[in-house]
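Participant: Given chain Z, put chain S in place with the hints provided.
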Amino acid sequence: MPKTYQPSEKIPSSEITPEKHYYTRRQFIQLAAAAATTAALAACGVRPPEGEPLPNPSAAPSTSPSPAGGSEEKLTSYEDVTTFNNFYEFGMDKGDPAKFAGKLQTSPWTVEVYGLVNQPRTFAIEDLLSGYTQEERIYRMRCVEGWSMVIPWQGFTLSQLLKAVEPTAEAKYVRFETLYRPEEMPFQSYKGFPWPYQEGLRLDEAMHDLTILSTGLYGQTLLPQNGAPLRLVVPWKYGFKSIKSIVKIELVAERPATLWNTTAPREYGFYSNVNPDVPHPRWSQASERRIGEGGRRPTLMFNGYEKEVAGLYAGMDLRANY
Amino acid sequence: MKAWPYLRAAAHVGALLPLLLLIFDALRDNLTANPIQAATQRSGTAALVLLLISLACTPLYTITGYADFSRLRRPLGLYAFLYALVHLSIFVVLDYAFAWDLILPELAQKRYLIAGLGAFAILLALAATSFTLTMKALGKHWKRLHRLVYAAAGLVVLHVAWAEKGNLSTLSGDILKPALALAVLLVLLGLRLPPIRRRLTALRRTPPRRVIRT
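Residue numbers (our numbering), protein chains in the order written: chain Z, 16 to 337; chain S, 745 to 958.
Here chain Z stands alone, though its shape is the one from the complex:
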């Protein structure tokens, strides 16, 4: 059965500035239930009606947060999640993706899963939407630039997809690649970055239950600026690890090159786990600003998912392997 994932570290809502499109607990449960129903239908082999969105959060009546929800972490507004983005394929300004990503053709879309696997396969996006258990996951998203959000994603665990293609014993890493199509992604013509965008995970990180491939947020199909139609979400790593608009997933034996690690290796390590004790030359990693709030809040080890993921790095020097 699908489940709603809550971060293990709770933040008292009293610390958080109320935001405009806040879901009341009740509405949120309704949404989760709707998502669960969709997922259950999908699990039974019933395809959910395509293009039928769940209730639009911004259309939901705005009511004050439930006072009983003291331990509940508040969501970043749908508007902020969809207008304040880093997606350099569309420009370097935070507003550029929302402005310029409309040209991106997300249908038809296929994802090639290949490399050190027994069952290489090219998936149509529709098969990924209907073929795997879709869940609601509420995750913190911590950008390396010192800001963060709380986002309700829809998606499915990457482990399901990887199991389906059967990685061989030699497969140690997973390499992800974003679409390269400069005519639709104008900033790909800028030569300052080694396009296409690439990211990578160690296989055990990729198989972890927190790691998902997302197809939607706030009950809506992903918008291009958020990485439509399929993106990675790895909530304990800095946001740039969560690669967007994926077209290739390759199982490999060696640690893959990643765009940011290639561009500035001393600043962006392969792991890039959220870690308040490993400073960055440009932004504070000790504290962060939650979008929608003034001021700063302390950054949590592994972005608050320490209980879940610290075991992946047991015995490793996290300062050397940043």
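FYI, nobody ran anything at the bench for these hints, they're computed from the structure.
Predicted model, so just to flag it, every value in this text is computed and none were measured.
Beta carbons are placed, not taken as given, at the ideal position from N, Cα and C, and that holds for glycine.
Check the hints yourself; a few may be wrong.
Stated by the list, open to error - Now the in silico label distances, taken between C-beta atoms and shown as ranges:
hint	chain 1	residue 1	chain 2	residue 2	range
1	Z	114	S	833	27 to 37 Å
2	Z	110	S	829	24 to 34 Å
3	Z	125	S	845	50 to 60 Å
4	S	763	Z	110	14 to 24 Å
5	Z	336	S	844	28 to 38 Å
6	S	841	Z	110	18 to 28 Å
Facilitator: Only chain S this time, still in chain Z's reference frame:
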């Protein structure tokens, strides 16, 4: 017709415009989802641009011979300082809310902050000695002190280059803004080199027709 009053008015209006727009956008809640960051970046950009424009006054005078350009140097430099002050105040007051336990470790770790603070310290010293009275009191030392503006400009370019997500030496990442600022600064400094300056002055003083060789 006397152009100076118009030139002066245009300089004041132009220099205050970024601040007014910033306040206007802040009041309308139109500063992106991360308003503190947007305000920090906009005030910083205004400081950089005004500093470069104030450094353009002398070359403009050299090229045109129009002395009023020199009279804009002081007010534009002071506006650059004003924006630097706003920029730093947003960082300390709005962003970090005077949390020195957070600010000081950042300052110790981050070279872009050290460069920025160095530039601010210079601009503060120059602003504090910009009065006609202090100018006279300092005598010949005043000019020497105020040559530090070149160091401040260099530090500001470093501050931007190190704060942006790119690397100027390898021409990778986000380098458009610092590269542009560096190019403008180098041109403005180049125009001050004595041989180039003499050439420009000579060009201006000699009407082109008389240059024809006999």
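Participant: Run every hint past the structure and note whether it holds.
Facilitator: We went through each hint and held it up to the structure:
1. Checked against the given bound of 27 to 37 Å, the beta carbons of residue 114 of chain Z and residue 833 of chain S, roughly 31 Å apart, stay inside it.
2. Distance hint for residue 110 of chain Z and residue 829 of chain S: a CB-CB separation of about 27 Å, consistent with the stated range 24 to 34 Å.
3. Take residue 125 of chain Z and residue 845 of chain S: their Cβ atoms lie about 51 Å apart, and the range 50 to 60 Å holds.
4. A C-beta distance of roughly 21 Å is found between residue 763 of chain S and residue 110 of chain Z, which places it inside the suggested range of 14 to 24 Å.
5. The hint said 28 to 38 Å for the Cβ distance between residue 336 of chain Z and residue 844 of chain S, and at roughly 31 Å that hint holds.
6. Distance hint check for residue 841 of chain S and residue 110 of chain Z: the Cβ-Cβ separation is about 26 Å, which falls inside the suggested range of 18 to 28 Å.
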